[in-house]
Amino acid sequence: MAEEVKKIVDAVPKLLDFPTGKFHVDYDKEADVLYISFERPQKATETEVTDEGILLRYRENKLVGITILNASRFKVKA
Amino acid sequence: MIGTTISKNGVLVRLTEERWYHIVENHDELAGLSDEVLLTVEDPDYIAKGWTDELLAVRKLNERYLVVVYKEIENDGFIITSFITKKVDKILRRGVVWQKK
Numbered sequence: 001m002a003e004e005v006k007k008i009v010d011a012v013p014k015l016l017d018f019p020t021g022k023f024h025v026d027y028d029k030e031a032d033v034l035y036i037s038f039e040r041p042q043k044a045t046e047t048e049v050t051d052e053g054i055l056l057r058y059r060e061n062k063l064v065g066i067t068i069l070n071a072s073r074f075k076v077k078a
Numbered sequence: 001m002i003g004t005t006i007s008k009n010g011v012l013v014r015l016t017e018e019r020w021y022h023i024v025e026n027h028d029e030l031a032g033l034s035d036e037v038l039l040t041v042e043d044p045d046y047i048a049k050g051w052t053d054e055l056l057a058v059r060k061l062n063e064r065y066l067v068v069v070y071k072e073i074e075n076d077g078f079i080i081t082s083f084i085t086k087k088v089d090k091i092l093r094r095g096v097v098w099q100k101k
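These protein sequence lines are chains E and L, in that order. Residue numbers in the first sequence follow the working numbering, run continuously in steps of one, and reach 78 at the last position. Residue numbers in the second sequence follow the working numbering, run continuously in steps of one, and reach 101 at the last position.
I should point out that these hints are in silico values taken from the structure, not numbers from a laboratory. Don't take every hint at face value.
[As the list claims (entries may be wrong)] When the alpha-carbon atoms are kept at most 30 Å apart in a straight line, the in silico DSS-like pairs for lysine-lysine are as follows:
(1) L:Lys60 / E:Lys22
(2) E:Lys62 / L:Lys60
(3) E:Lys43 / L:Lys60
(4) L:Lys71 / E:Lys43
(5) L:Lys49 / E:Lys75
[Stated by the list, open to error] For each label pair, taking beta carbons as the anchor points, the in silico distance ranges come out as:
(6) E:Tyr58 / L:Lys60: 17 to 23 Å
(7) E:Lys22 / L:Tyr21: 20 to 26 Å
(8) E:Pro13 / L:Glu18: 28 to 34 Å
(9) E:Asp32 / L:Arg64: 39 to 45 Å
(10) L:Asp43 / E:Pro13: 25 to 31 Å
(11) E:Thr20 / L:Ile73: 34 to 40 Å
(12) E:Glu30 / L:Asp89: 26 to 32 Å
(13) L:Ile6 / E:Leu16: 22 to 28 Å
(14) E:Lys62 / L:Asp89: 30 to 36 Å
(15) L:Asp89 / E:Pro19: 26 to 32 Å
(16) L:Ala31 / E:Ser72: 26 to 32 Å
For glycine and all other residues, C-beta sits at the position ideal for the given N, C-alpha and C.
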């Protein structure tokens, strides 16, 4: 348990740098898709695809979520 | 299981309940469209290359496009995620591997 808490605490500086103070994170492990929602429901009206396999989710011009495919590629190697 | 379908490569592609839960919980515009998602894999307008070994099935849905990201591993396939977009050109520029005639 202590190890799990440490991992979460280690992520705090990154979380504090997020563009919004409120966000929801949902990782679909089997599909390796990380969904980050800045509002929920997102009610996105458009999804833009980047060359890196990241889906930018907009409601009109407001970014309401980011979906990252193959999310485990961003894991820091131990 | 929400459903299964056969892709253009003849592979059985699964849409599991767990996957669908993640999809509609986040991409809520797809709520109620599971049949359309399966149909897009079965009868797409285009199939484009993904970023690694995924395929992107694209089907026109009214004035927009339903895109389904899925994988085929030998004779097993599964849906990864799905979304709706107006900007299909950028997806097709990745490389069209199949197109409806």
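> Holds or violated: are the alpha carbons of Lys62 (chain E) and Lys60 (chain L) at most 30 Å from each other?
Replying inline: holds (24 Å)
> Within 30 Å, alpha carbon to alpha carbon, are Lys60 (chain L) and Lys22 (chain E)?
Replying inline: violated (34 Å)
> Between Lys71 (chain L) and Lys43 (chain E), does the CA-CA distance stay at or below 30 Å?
Replying inline: holds (26 Å)
> Is 26 to 32 Å a correct range for the gap between the Cβ atoms of Ala31 (chain L) and Ser72 (chain E)?
Replying inline: This hint holds: roughly 27 Å between Cβ atoms.
>> Quick check on a hinted range of 26 to 32 Å for Glu30 (chain E) and Asp89 (chain L), using CB atoms only.
In response: Holds: the Cβ-Cβ distance is about 31 Å, inside 26 to 32 Å.
> Between Asp89 (chain L) and Pro19 (chain E), is the Cβ distance one that fits in 26 to 32 Å?
Replying inline: Distance hint for Asp89 (chain L), Pro19 (chain E) holds at roughly 28 Å.
> In this structure, is the beta-carbon distance linking Asp43 (chain L) and Pro13 (chain E) contained in 25 to 31 Å?
Replying inline: violated (48 Å)
> Falls inside 30 to 36 Å, the C-beta gap from Lys62 (chain E) to Asp89 (chain L)?
Replying inline: Taking Cβ atoms as reference, Lys62 (chain E) and Asp89 (chain L) lie about 23 Å apart, which means the hint is violated.
> Does Lys43 (chain E) pair with Lys60 (chain L) here, judged by a C-alpha cut-off of 30 Å?
Replying inline: holds (20 Å)
> Is the gap between the beta carbons of Pro13 (chain E) and Glu18 (chain L) within 28 to 34 Å?
Replying inline: At roughly 31 Å between Cβ atoms, Glu18 (chain L) and Pro13 (chain E) fall inside 28 to 34 Å, so the hint holds.
> Is it true that the C-beta distance of Tyr58 (chain E) to Lys60 (chain L) lies inside 17 to 23 Å, as the hint says?
Replying inline: Holds: the Cβ-Cβ distance is about 20 Å, inside 17 to 23 Å.
> For the pair Ile6 (chain L) and Leu16 (chain E), does the Cβ-Cβ distance stay inside 22 to 28 Å?
Replying inline: The hinted range 22 to 28 Å is violated for Ile6 (chain L) and Leu16 (chain E), with Cβ atoms some 47 Å apart.
Checked against the numbered hints above, the structure breaks hints 1, 9, 10, 13, 14 and satisfies the rest.
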